[in-house]
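Undergrad: Sequence:
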Amino acid sequence: MDKVDISRITLEVTSRCTLKCALCVAFVPYVKDPKDLTYEEAKKVLEEFFKVVDSVGIFNLTGGEPFMNPDLTEIVKEVMKYHKKIRQDITLVTNGTIIPSEEFLNLLSENRSYMRLVISDYGKLSSRIEEIKETLDEKKINYRIVNFNGDNLSYGGWIDFRDHSLKCANKKERDEHSMKCMDSVGKYFNISDGEIHYCMRSFWRIKNGIIPKEKGDYVPLMDSNISIEQKKVMLMEMYHAKSVASCAYCVGHRNDVERQMPAEQL
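Residue numbering for the sequence shown follows the working numbering, beginning at 1 and increasing consecutively.
Some hints could be false.
Straight-line alpha carbon distances no greater than 25 angstroms define the calculated BS3-like cross-link-like pairs of lysine-lysine that follow [what the hints assert, rightly or not]:
1. Lys171 - Lys139
2. Lys3 - Lys232
3. Lys215 - Lys171
What the hints contain is simulated information worked out from the structure, not anything from laboratory work.
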């Protein structure tokens with residue numbers, strides 16, 4: 001088949017976090033058994049992912065708080081092995097509560113041409129952000145601050161995605177609803193539990209039995225009974241879909257949805 005080039009992928013490296021944000025888009029405070037992705041697990045997932053995908057625009061690593069994962073440095077090194085298949089950046093999102101290790105900072109500095117930190121600034125909650133910024137500046141590491149406190153909130157604030165009730169009566173309504181969602185339009189896929197999902201919310205609803213696990217809504221990367229070619233077809237079908245089952249149960253990452261104050265703690 002033709003080359004499989006996608007816009008963006010997010011690899012969830014941990015479901016542990018230093019904060020307990022009520023409106024966490026990954027629902028981290030509500031995870032019953034939080035865990036880290038191990039290096040060995042990540043290595044296998046990345047190998048399978050890049051067998052299926054010829055290239056990806058942005059490769060994003062997130063959590064939870066990624067710096068809680070003791071294998072993070074080795075996982076990032078593994079991602080870097082595929083940097084020629086990553087058309088733009090490798091980014092890592094952190095909440096500014098943990099100072100990266102010297103080894104990790106050196107890794108970022110040595111690969112600054114395609115590595116970038118994205119720091120969510122939650123004001124007082126991001127207790128180490130000034131120290132982190134100072135260190136990044138000293139080492140000339142690329143980073144971006146996303147403001148989630150005070151005035152001029154990035155994206156206008158957060159969205160409350162916790163209402164999982166049915167919102168669309170049929171597929172036509174679901175598709176129309178989904179086409180106003182930034183994540184759906186941008187195809188912001190994520191990898192969790194060795195599977196590619198349409199978005200983090202779709203993964204959460206499937207994992208927690210809110211919606212059934214249906215063919216076409218995910219790609220099982222680690223299933224050896226499915227060929228690479230079949231997985232490519234599954235991914236492209238999902239990539240070109242206007243919506244998946246989860247979209248009918250979601251308010252959507254839409255401009256017309258009311259924003260809330262970010263990072264309110266449970």
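Undergrad: So, for every hint listed, does it hold in this structure?
TA: Structure-based check of all given hints:
1. Taking the CA atoms of lysine 171 and lysine 139, the gap is about 51 angstroms. The hint is violated against a cut of 25 angstroms.
2. Under the criterion of a C-alpha separation no larger than 25 angstroms, the hint pairing lysine 3 with lysine 232 is consistent with the structure, at around 9 angstroms.
3. Only pairs whose Cα atoms come within 25 angstroms are accepted, and lysine 215 paired with lysine 171 is accepted, the gap being roughly 16 angstroms.
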